[in-house]
Structure formats: structure tokens, C-alpha cells
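Student: So the protein lines, in turn, are chains H and V.
When we follow this note's numbering, the leftmost residue of the first sequence carries the number 9, and every step to the right adds one.
When we follow this note's numbering, the leftmost residue of the second sequence carries the number 9, and every step to the right adds one.
Take these hints with a grain of salt, some might be off.
[What the hints assert, rightly or not] Taking lysine-lysine pairs in the PhoX-like style, the calculated list, with each CA pair at most 25 angstroms apart, reads:
{"no.": "1", "chain 1": "V", "residue 1": "K25", "chain 2": "H", "residue 2": "K572"}
{"no.": "2", "chain 1": "H", "residue 1": "K164", "chain 2": "V", "residue 2": "K323"}
{"no.": "3", "chain 1": "V", "residue 1": "K323", "chain 2": "H", "residue 2": "K323"}
{"no.": "4", "chain 1": "H", "residue 1": "K323", "chain 2": "V", "residue 2": "K25"}
{"no.": "5", "chain 1": "V", "residue 1": "K129", "chain 2": "V", "residue 2": "K362"}
{"no.": "6", "chain 1": "H", "residue 1": "K164", "chain 2": "V", "residue 2": "K13"}
[Unchecked claim] Below, a sample of chain H positions facing chain V; criterion: calculated Cβ distance under 10 angstroms:
{"no.": "7", "residue": "R15"}
{"no.": "8", "residue": "G23"}
{"no.": "9", "residue": "K26"}
{"no.": "10", "residue": "G54"}
{"no.": "11", "residue": "L57"}
{"no.": "12", "residue": "V151"}
{"no.": "13", "residue": "D153"}
{"no.": "14", "residue": "A221"}
{"no.": "15", "residue": "C239"}
{"no.": "16", "residue": "N241"}
{"no.": "17", "residue": "Y244"}
{"no.": "18", "residue": "Q315"}
{"no.": "19", "residue": "Q318"}
{"no.": "20", "residue": "K323"}
{"no.": "21", "residue": "P559"}
{"no.": "22", "residue": "E560"}
No lab work stands behind these hints: they were computed from the structure.
Quantities reported herein were computed from a predicted structural model and do not represent experimental measurements.
Glycine included, each C-beta is placed from N, C-alpha and C at the ideal position.
Given next are the chains, with one letter for each unit.
There are 2 protein chains.
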Amino acid sequence: MDLGKYRFYSEAARGLKKPELVLKGAYVFMAHSGEFVQGDVAVADGIVLGVGSYSGEKEIDLTGKYLCPGFIDSHLHLESTLVTPGELIRQAAGCGTTTFIVDPHESANVSGSEGIDYILKQTEEVPANVFVMVPSCVPATHVDDNGCILTAGKMKAYLDCPRILGLGEVMDAVSVISGSVSMHEKLALFEGRVRDGHAPFLNSGDLAAYALAGISTDHECVDYEYAMAECRNGMYVLIREGSAARNLDAIIRGLVSRHTDTSFFCFCTDDKHIEEIRREGHINYNVKRAVQLGLPVEKALKMATIQAAQCYGLKHLGAVAPGYQADFVVLDNLADLNVLEVYHKGRLIRADEKKEIPPCPPALKNTVHLQHFTQDHLRLPHRGGKAHVLRMIEGQIATEDLMEEVPCSKTEGDLLFAPGDGYLKIAAVERHKGTGKTGVGIVKGFGIRGGAIASSVSHDSHNLIVIGDNDRDMYLAVQELVRSQGGYTITENGKVYETLPLPVMGLMSDAGYEEVNRVLKKMIAKAHEMGIPEGFDPFITLSFMALPVIPEIRITPRGVYLVKEDRLLETPFEK
Amino acid sequence: MDLGKYRFYSEAARGLKKPELVLKGAYVFMAHSGEFVQGDVAVADGIVLGVGSYSGEKEIDLTGKYLCPGFIDSHLHLESTLVTPGELIRQAAGCGTTTFIVDPHESANVSGSEGIDYILKQTEEVPANVFVMVPSCVPATHVDDNGCILTAGKMKAYLDCPRILGLGEVMDAVSVISGSVSMHEKLALFEGRVRDGHAPFLNSGDLAAYALAGISTDHECVDYEYAMAECRNGMYVLIREGSAARNLDAIIRGLVSRHTDTSFFCFCTDDKHIEEIRREGHINYNVKRAVQLGLPVEKALKMATIQAAQCYGLKHLGAVAPGYQADFVVLDNLADLNVLEVYHKGRLIRADEKKEIPPCPPALKNTVHLQHFTQDHLRLPHRGGKAHVLRMIEGQIATEDLMEEVPCSKTEGDLLFAPGDGYLKIAAVERHKGTGKTGVGIVKGFGIRGGAIASSVSHDSHNLIVIGDNDRDMYLAVQELVRSQGGYTITENGKVYETLPLPVMGLMSDAGYEEVNRVLKKMIAKAHEMGIPEGFDPFITLSFMALPVIPEIRITPRGVYLVKEDRLLETPFEK
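Just chain H, same shape as in the assembly:
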């Protein structure tokens, strides 16, 4: 700290000089001691000078309100929100999240280092603190066909960047545990920094081996028992409440009913659509929901603030105390927990404030490349007997691998799988290098009739993924995504119903969240109308059907993938 400045801060902290801003009379949440204390918060140059009795050049009366440190989203992918990073951050910041620990692995899977640089550049001037974890698994596994390979060598370039905190979620648990050289090169590169985990459903020995490699967080945990297993292994549990994966209720209920020590728990969203952020909230929703479930508000607030800061070694964030950054959320009361105002570095964040967004490099807007792809690629011969069926589970990103008899039809002398009776066709089409690779499988739980839905957002390789009950609409949907250079689309009876273009790497729109919300709302309603059950977001759920690091079964451009067995099948029929 500059000594001249310190001298002024010290005098202001001691009441000898007036600081530029004093927020007066709120009940201030003291994150270190976990209690509320009424007082004035003195601020200068975006730093808290003290909490006590102060008068300032400018004073804002917050008597009777509750002032907390800005919330921290301990793990998220900005791309999943469909809008450009600056757009998302402005919205989420309005909900009180002032710090984002971002893993740009969607961008990296499409565009490699250029994708990461895009995220860094886009978040330079936003009204929030954005830190980046370098994606560890690009591609996610050896069965993926993605756009770029990010080696330890390429990662090195990021080590000196002050906004890089560590290594992004290490999804390839098998490589970690078996001691793969390339994986451990990456782990070694980030020795002494935070290495984020992604460790769903590991057994006790595997989890210990995974933690032994130096991985210290996980956000994939879906129940209390596994959360405790991770915590005992020394990992921070980042309780996730996103659009597709909603794990908060199960974990918080366990913590509340057993009065568990929550010091190593934080909150994250992982993947949450802008539309849901607008409707429901962001980390403030995690806090609110946890409190509704009976968690003491002080504990919930610590998860959203100081504990996340401790987890990521952010010594200047997560508390309202001398020397901490002046990031605040003002709440109306402790029952409703409505966000009234948000401050970043001592400045009130205004919803209507627009900043110049750095432009997107042209190469990042031209990333959907198909060659030699025809409707024939979508044919699925029926071989008789049972087939592996990918059953989607509502509210989870895990899937179930069913072995079932599926309908069949005879077309031009060939026995083919025929969508119907709840069984649909699902296909993944490689889109980065025009290899023409297409995997076709059978899915249950989507229930769309008379059409198809498709997306270029498809974790983590972001190939094209399409589900439908007929090949013509599925083929049309793929063609439409090539035309729009990425996006979401719905086709029906041979026509494109609607497309949400996502031209930035095929992942994000640059048309603004209002337009995204408008189109998305219409498309989601249509999808439900076409038979997709209410209760889940069809596009987000679709986007996880190709992710080969989550059990039990996935579709990839190379075919059907059985996660636990690490086995790739050209066809879902085992016979």
C-alpha cells in the first residue's frame, strides 16, 4: 500500500479526517466473527477503512438495513449463461455477487487460448472481481472431439497473470488417480495454488487418491453423505445451485439436521442461465434457500463470503473489515433477504449503467465447421435385442444407463430404430474440424414430438447435439446451426420454428440478455408444448448429454459412451 495513502486511511480510520464515503447505521455482517454489529462503514478508494462511528464527505443512511460483504460465486462457467461475460456479470452483480471464480473451459474447448483470452479481456472492466481458473481438461477426456488441446505447455503462459488463481476443475479423475503424465504435469504447474475438483461418485479410496493429488474443491456433490466424505478428505464443498443441477436442498438439509460444522462449505452456480438469474437470483438465491431450509443466516452468509475467499486465498475479499475491498450487498431484512443495493469497490452498481464491451475477434465467430454431413449419418440400424438407453434424470446432470427393448421399423428393407413410446433419437455431430464424425443413440425422458431440438452448446466439447423423433427435422436442425454459426434451434414438421443464434464460439449471444431472454422464453415454451416435460430446462439438460465425465451414459461424435466402464460403442445395440 502506498504510504501516503496509508497515512490518510489511518487518519480517517481514527476519525481525524473524513473518508470519502460512509454507509451509516446498518447492521454490518462481521464475517470473521459471524455476527451482525450496528455501525458505520468508512470507505476510501474502494477500501474499507473501519467499522464504527464515522462521518464522511458523502454519507448514505442505511439504518435498519443489513450490510454484508459482496457474495462470491466460487465456481461458474460464464459461457453457460448464453450472453457475453460482461452482460452476465452485470446481471449477477445486481444480485449481490461481486466476485466470480470463472472456469472458461467452454471457450477453451472451442477456441483454446484465444477463448481464455476472450474471457479475460471481456471481464477486465466489469463492476466485479473476476478471477480465472485455467481449464485443466481440454479436451475433457480421450473420447472427446473438441476444438483445441490445451497442454501444460500452453497453460504456462497464464501463471503470471494476477487474475489467474489456479487450475480449473479437474474432470478426468481416472487420469489423476492412475497418475497420467500429462495430467500430473498440469497439476504440478499449479502446485501451491488452488486446483479445483470435479469428482462425482468416487468411492472412498478413489476420492482419497484424488485429494492426494492436491485437488482441494468440488462442486459436483449431490448429497449430504458425499459432501461429508469430500470435506473429510480436506476438500471445500462448493454447494451448487444452477439451472440443471440443483444440489443445495439435499446438502443443506443434511447440514441442518445434523448441526454439521460448515466451515469448509461455499456456494456456486456452475451453470446458470441468465433468464433464471433474472428470475430467481444468483448466489443470493443460494443464501436465501439455505436459510429457508433452516441454516442460520450467519452460516449461510459465511459460505457466500469469507469461506469462499479463504478457499481461493483472496485475502482482500469476503469481509467488511479494515483493508478489505469495499464490496457490499445491502439486504432489507434477514427473513426475506432481498438485495436492495450492491457496491463494488465502494461504488454503487447501477443496473442501467452500460460500459463499452470489447469486440469479439472475428475468428471466434466462425467456429461451426461441417463437411460431408448428410441425413444418412443419422440412421440407426436396429440390431434386435436390447439397447443401451440414455435416461435423462430431472434436476440432475447424471444419467442412467438402461438396457431396454426399443421400437423398430423397416425402411427400404433395413431394420431401423424407430423413435416412439418415449424413446427418441439423440445424435452428436463433430463441428470443429469438419471430420463428419457422428454418434447416434437412444434417449428417454425428453418426449419431444414432431420435431427436433438442437444446440451447439454441448459440454464440454461443444459439438452439435440434437434430439428428435424424425431424421428430417434433426438434419434440418443441424443445418440451421451451421447457418447461424451456433445456437439453439427447434425444428418442427420440416421447418425451423425458431433459432437463438449464439455466434460467439457457438456458445454465447452478443445481442444482449433482453433479446436472449425473449427468444429463449418462446423456445422453451414451444419445447414443452412439443412434449418435453415441464420442470426442467430442455436446452441446458440437452447440453449435458454429451459430457463424458459424468456417469452413466453419454452420446459423443464417436458413438455411445459408457462412463464407468470407459467404453465407447459404435451403436447402442450390444448384440
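Position chain V relative to chain H; hints supplied.
Tutor: Just chain V, lined up with the frame of chain H:
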């Protein structure tokens, strides 16, 4: 981590290979989740591989016992124990303390960098983890006459040493708050590392200004209210239970009665004699006492382990979890909390095990230099009226500044202060550079009759300090300490009763703790017999009477010092 080793660890963690050691069946304290879970702890190469169900090459049955992470003393001065560092650490390690955060400022005040190097060298091969904070205040204040000045320039040499964690307790709060250049140079040097505090009795504004400077711990706190004030300011409170300062009861009682969140509290000893460590224990005593006062044992254990590790950024210590260092304390039960066994890096610590101790450089054994010092230096003319009297407070290192009428006598025509009626003479004699500087004052609360006690351990400048009821015995005591090149001594009726030589910098004995204990016990008994009240350790209490950073009044070689007013008086008589 070496990949070859990791592969073995991973296989052992998964039960595919046998680890070298398994501690079986204990209730293991899970520091992250704050609970006990019964299980086997697998260990290899001094690292925990996992807690679960394991068999190993060697197995130790701990069924029914309690296995905790090794305890952490978050702040201590090894020199205060009177024995050489290795000696102390072996004793304290036997009590379960396996990590020591050491501030060698006593050594630095006498011998500068050579003193710090001595502490580093002596603790290289001990069965514990010893980390060092670079002393920040050598000398402690501008009124001190010590042996060496440690500038920011000299401190730089320590920045790259892996066992140096940060900056030692910053005692000169005035320099911090006023923005002194030399103090802030030191603070800046350790930016991003831990900077320990020493902040007794600061008012709310001063405390905020102090914390603003980046200081994040304090161990000087004596009551609950101040502890909470520090915690709210973002500081870790290191609850001290030493020989002279016993602050645990007051703070823990407050925490218990108010059900306070204790996540930012740790334990320390600061200054504790080896004899008391042997009798009462070390950090295990802090834990035990806290539990007796009603603190849940899980919270007490977290203070002694993971929280201290978090405070100092020691990511491999403070828990029994994969990848953590295998430092354990085995306890008999949760009521008595007796230490049965202690492990460091997976090895059982044996009390009888002696290691070669590196020799002490000769210059460090020749540090008591007096010239031109005569008995006349101890004369204290009585000027009539009231005088400042230094009142010692039992169980505290703070003192009270009384203005009282004191006895007087006429000797050879001069009116002199005459010890009696509870008033004794106290003197501080400069011993580093033979300047002959001698300050003489009046003390109350010691009550010695017919003799004197003296010490070369006298925080923090470690000049000679002597208290007595007659000049002859006081002079003799000073002469005796020159002869022994430092130590504790008692004189009586013109004769030396006994001396404990402390030849290493005038601070430590190299004769072993048995000899130190034997002589010390005898001397303490004698001191009480001569009139010093029971209930406090006369030598430790004496050693704080010259420390000019603790209110209210001190004796220094330059005279009586009033701490709060920062005022030096040549004589205690104000008239």
C-alpha cells in the same frame, strides 16, 4: 509431488498396495468437518494417504483412542523457555505440539541476524515443524538500548527461506499507525505473507488503522471484548496461555457463554518456561483448559490445528486427510485429553531420543558487556513529593503506574529513596555495548527482603534487570551476571545464593532442561521464601518489567518510561 511416488500413494490409498504404516481403529478427528470418525489412517513417507479401512506393512492398534492432527503453537519465543531450541521443542512435541510458529526476537535483539540464524540452525533437525517469523521490532521502540538494529534491508535476506512465513509481531503500534517510513518498509517487504500483530489495548480507531496496515493476528488480547474487536477487524486471535500471561480463561469463558463463532481463534503460548511445560503441558493444556471451561472439544481442537494452519497458510498441516503431513497426537479420551503418543511425519516421537545439537557460535556466548558500572549507579535521590511507582499485576504483563509517596532515608547528607513498606528498587543496566546507562525506579508487588534478584532476560532488549531492597545485593547480582555471561541470580546478605547461567546470548542455557529445572525450582522457592508472593513466577514477571510496548510504566536503562504518554523520566520523582 514426484509422480512415481504419487502412483504408489494412489494405489495404497485405494487399498491396492500396502502402505508402510497404518494406525488402526482410532476415532480420528476430522479437522475440516469438525467431527470424529472411526477409521484406519494410512501413512507413507510421512504423508497421510487416506482414512478408511486399510492394512499396512506395519500396523498399530489404536482402537478406542482418539487421533488428532498434531497441535500448532501459533506464536512463541523459544528463548523464553531458557533452554536451547532443540531441547524445548522435544519437550513440547512430547505434549503433542508438532508445529511451532516462532518469533526469534529475543535472539535478534541481542545478536541480530546471527541470533535468527542460530534459531533457524538449531531447529533444522528437530522432530517438529518449526517456522520462523522475522522479528519486526528490533529494537522494540526508540527508547530501547538493545544489541542490534534489524532494518528492512537486513530482513530481505530471509525472504526466500522456505521456513520463513512472514513478519514477527509488530509491537510498535505507534509507528504503524502514524505511518513511519522504516516500519512501513518492513510491512511492505512482507506484503502477501502473514504479518503478526501485538496490539494490546488499542482503541477502536487505532485498532482499525493497525489492521489496515495488513496485520492479521494478535496474541496480546486479555479479555473477550477486545478479542471480539480484533476478530471483527479481520484479525486472528491467538489465545495465549503462557507462564506470565494467562489469557485463556477470560477469552474462552466469553466465547462459551455467548456461543461465539470461533473460526478465527487459535492457541499460543508466547512465553512458557520449560518447567511449566513439563508440569502442565503445552498447547494440549490450552485445549484441555478450554474444554474444562465448556468449549466443545471439536472447537478447541480446531483452534489447535486447522485454524492455526489456515492463519499461517500451512496447507499441509493441521488435519488428518490425504496429502497432509502425518503429524498426530493420540489422546486417551475426550474428558481427560491425556497425550499418549505423538507422531511427526509418521514417526513416533520418543522422549528419550537425543539428537546431536548443532554447537552455538562462540560470539553468541559472550554478550554481557559492562564498563564503568559502579554501585553508585543504583543510587536514587529522593526529591520529595510523590513518585511514579511501577505496580506489578499478578498474572498479567501489563503494569500500573501509581503516583505515591515513598519512603526516604538520609545517607551521608543526601535524601535517598529507601526501599521498605512494600516499595523496592528496580534497575535496568545496559549490557550490550558497555555504555554504563542505568535507569533506576521504584516497584511494588515483588516484596523481596534482604537481597536482590536479577536477570539478563529482560524483554525485549535483554539488558540486565535487578530488583532488591539494598544496593549492595543489587550490585552484587549485576556483577554475578557479568561473570556468568547472563542468567538468573539471587543474592542475599552480600552473597550470591544461586545462579542459573544462561550463556547463550544471556537468554538460554545449554545444560539441558533437567539441570535448568533443578536450579530454577530451587531459586523460585528461595525467591518466595525471601518475600516474593506465591502465585507468580518471579523471574518471568521480572523479565517483562522493561518492555516498553506494554502499558503503563516500565524501567529502561534510560530511566522510567510511561508507555501511553511515550515519556521518558530520568527519575521517578515528578517534582
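Student: Quick one, is the L57 (chain H) hint okay against chain V at 10 angstroms, beta carbons?
Tutor: Holds. Min distance 6 angstroms.
Student: Have a go at the V151 (chain H) hint: is there a Cβ in chain V nearer than 10 angstroms to its own Cβ?
Tutor: 22 angstroms, violated
Student: Close enough to count: is the Cβ of K26 (chain H) nearer than 10 angstroms to one in chain V?
Tutor: It is violated, given that the least Cβ distance between K26 (chain H) and chain V is near 13 angstroms, above 10 angstroms.
Student: Quick check on the hint: A221 (chain H) CB to chain V CB, less than 10 angstroms?
Tutor: A221 (chain H) check passes; min Cβ-Cβ to chain V is 7 angstroms, inside 10 angstroms.
Student: Have a go at the R15 (chain H) hint: is there a Cβ in chain V nearer than 10 angstroms to its own Cβ?
Tutor: Where the cut-off is 10 angstroms and the nearest Cβ of chain V is about 4 angstroms from R15 (chain H), the hint holds.
Student: Would you check the hint for K164 (chain H) and K323 (chain V), treating anything up to 25 angstroms between C-alpha atoms as holding?
Tutor: Holds, because 23 angstroms separates the two Cα atoms, which is no more than 25 angstroms.
Student: Next pair to validate is K323 (chain H) with K25 (chain V); report whether the Cα-Cα distance is within 25 angstroms.
Tutor: Not OK: K323 (chain H) and K25 (chain V) at ~40 angstroms, beyond 25 angstroms, violated.
Student: With chain V as the partner, please determine if Y244 (chain H) meets the hint condition of a C-beta pair closer than 10 angstroms.
Tutor: Because about 8 angstroms separates Y244 (chain H) from the closest Cβ in chain V, which is inside the 10 angstroms limit, the hint holds.
Student: Between K164 (chain H) and K13 (chain V), does the CA-CA distance stay at or below 25 angstroms?
Tutor: With a Cα-Cα distance of about 24 angstroms, the restraint between K164 (chain H) and K13 (chain V) holds, given a limit of 25 angstroms.
Student: Quickly compare the C-alpha distance for K129 (chain V) and K362 (chain V) to 25 angstroms and report which way the hint goes.
Tutor: The given pair, whose Cα atoms are some 17 angstroms apart, holds under the 25 angstroms limit.
Student: Does G54 (chain H) hold up as a contact with chain V if the rule is Cβ-Cβ below 10 angstroms?
Tutor: With a minimum Cβ separation of about 13 angstroms from chain V (threshold 10 angstroms), the hint on G54 (chain H) is violated.
Student: Using the nearest Cβ pair, does Q318 (chain H) come within less than 10 angstroms of chain V?
Tutor: The hint holds - Q318 (chain H) has a Cβ within 10 angstroms of chain V, the shortest such distance being about 7 angstroms.
In the structure shown, a violation is registered for the earlier hints numbered 4, 9, 10, 12, 13, 21, 22, in ascending order.
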